[in-house]
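Chemist: Given the sequences, and given the hints that come with them, work out the whole structure.
The listed protein sequences derive, respectively, from chains A and B. Mapping the first sequence onto the numbering used here, position 190 (from 1) lands on 190, and the numbers just tick up by one. Mapping the second sequence onto the numbering used here, position 132 (from 1) lands on 132, and the numbers just tick up by one.
Incorrect hints may have been included.
[Stated by the list, open to error] Here are some chain B residues the structure puts well away from chain A; computed CB gaps all over 12 Å: (1) Val17; (2) Val28; (3) Leu35; (4) Asp36; (5) Val39; (6) His40; (7) Glu43; (8) Asp60; (9) Tyr108; (10) Ala119; (11) Ser137; (12) Asp145; (13) Ala152; (14) Thr177; (15) Ala179.
[Said to hold, decoys possible] Simulated coverage check for chain A against chain B, where a stretch passes if three residues somewhere in it have a Cβ under 8 Å from a Cβ of chain B: (16) 164 to 172; (17) 176 to 188.
Just so you know, the hints here were simulated from the structure itself, not pulled from any lab data. All values reported here derive from a predicted model rather than from experimental measurement. Heads up, the beta-carbon is just placed ideally off N, CA and C, and yes, glycines get one too.
Protein chains: 2
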Amino acid sequence: MRQQFQQDLHSISDQLVEMTRLASSAMVRATTALLDADVHLAESVIESDKAIDAARETLDTLAVDLLARQAPVASDLRMVVTAMRVSADLERMGDLARHVAKVARLRYPDSAVPPECRATIQEMGHVAESLVTKVGSIIADQDLDAARQLEADDDVMDALHRDLYSQLLDGKWQHGTEAAVDLTLLGRYYERYGDHAVSVALRVIYLVTGEYESLDRALEHDGREE
Amino acid sequence: MRQQFQQDLHSISDQLVEMTRLASSAMVRATTALLDADVHLAESVIESDKAIDAARETLDTLAVDLLARQAPVASDLRMVVTAMRVSADLERMGDLARHVAKVARLRYPDSAVPPECRATIQEMGHVAESLVTKVGSIIADQDLDAARQLEADDDVMDALHRDLYSQLLDGKWQHGTEAAVDLTLLGRYYERYGDHAVSVALRVIYLVTGEYESLDRALEHDGREE
Chain A
1 MRQQFQQDLH SISDQLVEMT RLASSAMVRA TTALLDADVH LAESVIESDK AIDAARETLD
61 TLAVDLLARQ APVASDLRMV VTAMRVSADL ERMGDLARHV AKVARLRYPD SAVPPECRAT
121 IQEMGHVAES LVTKVGSIIA DQDLDAARQL EADDDVMDAL HRDLYSQLLD GKWQHGTEAA
181 VDLTLLGRYY ERYGDHAVSV ALRVIYLVTG EYESLDRALE HDGREE
Chain B
1 MRQQFQQDLH SISDQLVEMT RLASSAMVRA TTALLDADVH LAESVIESDK AIDAARETLD
61 TLAVDLLARQ APVASDLRMV VTAMRVSADL ERMGDLARHV AKVARLRYPD SAVPPECRAT
121 IQEMGHVAES LVTKVGSIIA DQDLDAARQL EADDDVMDAL HRDLYSQLLD GKWQHGTEAA
181 VDLTLLGRYY ERYGDHAVSV ALRVIYLVTG EYESLDRALE HDGREE
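Modeler: As structure tokens, this is what we get:
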């Protein structure tokens, strides 16, 4: 029974890591679709979000089944509950990549991103990829140092988000209101993607250490820069 | 033991209903702060979001404690797991009200909302209040009819969201890029607030009926109009 439980926990952990791969691939491809005005790639990101939703459903079913069959307590229970919350964060990251892809599709054959904002958006895509890749390792290895570092890593995303808004608001914006609306939403999608990555890291810290403070910060994370 | 469990479930349900009241009050006050450029009211909304976060933490602690002590199965287990997810939705709705209040504070002593958008924002505030009030009844009474109706109720919010974007994008916008950025974010905050309300309703349907389709739709709900 105990051995079966450990196997199930490993399986849940593996599935969470697989979800980080899907969420990473989605945001990388969405960013390319956006910058290259590639409508087929955008469609493929939108379509593949179903796989992330299905992964979450599979994982949550397994977790609830585990609660029912094994009635875990203490740290085992904490692990299962945390896994369900982490799967919600990762599924949401997939949604945000899908939103980026939808902006790309909406503006095709144009690109939604004016030339002077391309570098910032590209960098936001890179940071998003880096954050979610680290999250994969943090889940797989329960690496506390990397988890504690992730908030600082996400500061780079917040700085890029501020840069983007500065470009919109410096008084020299010449691309009209529609492009401003698109860029506002895109900035928010990347920033929220980073927030969810940090939220996962803080949940893993809570899982390993039992530090409630981390959990508080996971709940509080959104919107620090506003 | 069984009687204690039923009492605990009632207590969880009461606390969720209390969270809907807090989330409602927050969005009502945030909307007033926004339209009246009332910085003190905005500050009070931002400050009171801590109470919603604390309510979620209390509720989640009780839920995990219940899982550990009582090891519920079947519909009892589903009830506890659903309560944890609903508390996450309601906590997020509080965050979104806080975001609205932060826009109000940022633009004080001006109002972030130009005259021709006031009616739309005011109506979004009313719809938000109506949705979350219905969610409170849906949780308290497990009212399936009201829950099934809530998606249609939220269509009104989505239509207002489209109206707002039409005002931004009809080519006659004369309030500059900063106001356009503010209105884009505000529209998104109200729309997401409505999405989370619908998500709660669908979770209650799943809870009562066990219809997986509702749960799928709860996961899928975001961004239908994009």
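Chemist: Hint by hint, note whether the structure agrees.
Modeler: Quick rundown of the hints versus the structure:
1. Val17: holds (20 Å)
2. Val28: holds (20 Å)
3. Leu35: holds (19 Å)
4. Asp36: holds (20 Å)
5. Val39: holds (15 Å)
6. His40: holds (19 Å)
7. Glu43: Per Cβ check, Glu43 (chain B) is outside 12 Å of chain A; nearest 14 Å; holds.
8. Asp60: Not fine: 8 Å to the nearest Cβ puts Asp60 (chain B) too close to chain A.
9. Tyr108: With a cut-off of 12 Å, Tyr108 (chain B) remains clear of chain A, as the shortest Cβ separation is near 14 Å.
10. Ala119: Non-interface label stands for Ala119 (chain B): nearest chain A Cβ at 20 Å, farther than 12 Å.
11. Ser137: At about 25 Å from chain A, Ser137 (chain B) clears the 12 Å cut-off, so the statement holds.
12. Asp145: holds (26 Å)
13. Ala152: holds (22 Å)
14. Thr177: Violated, since 5 Å does not exceed 12 Å.
15. Ala179: violated (10 Å)
16. 164 to 172: Contact hint for the segment 164 to 172 of chain A vs chain B: holds, 3 residues under 8 Å.
17. 176 to 188: holds (count 7)
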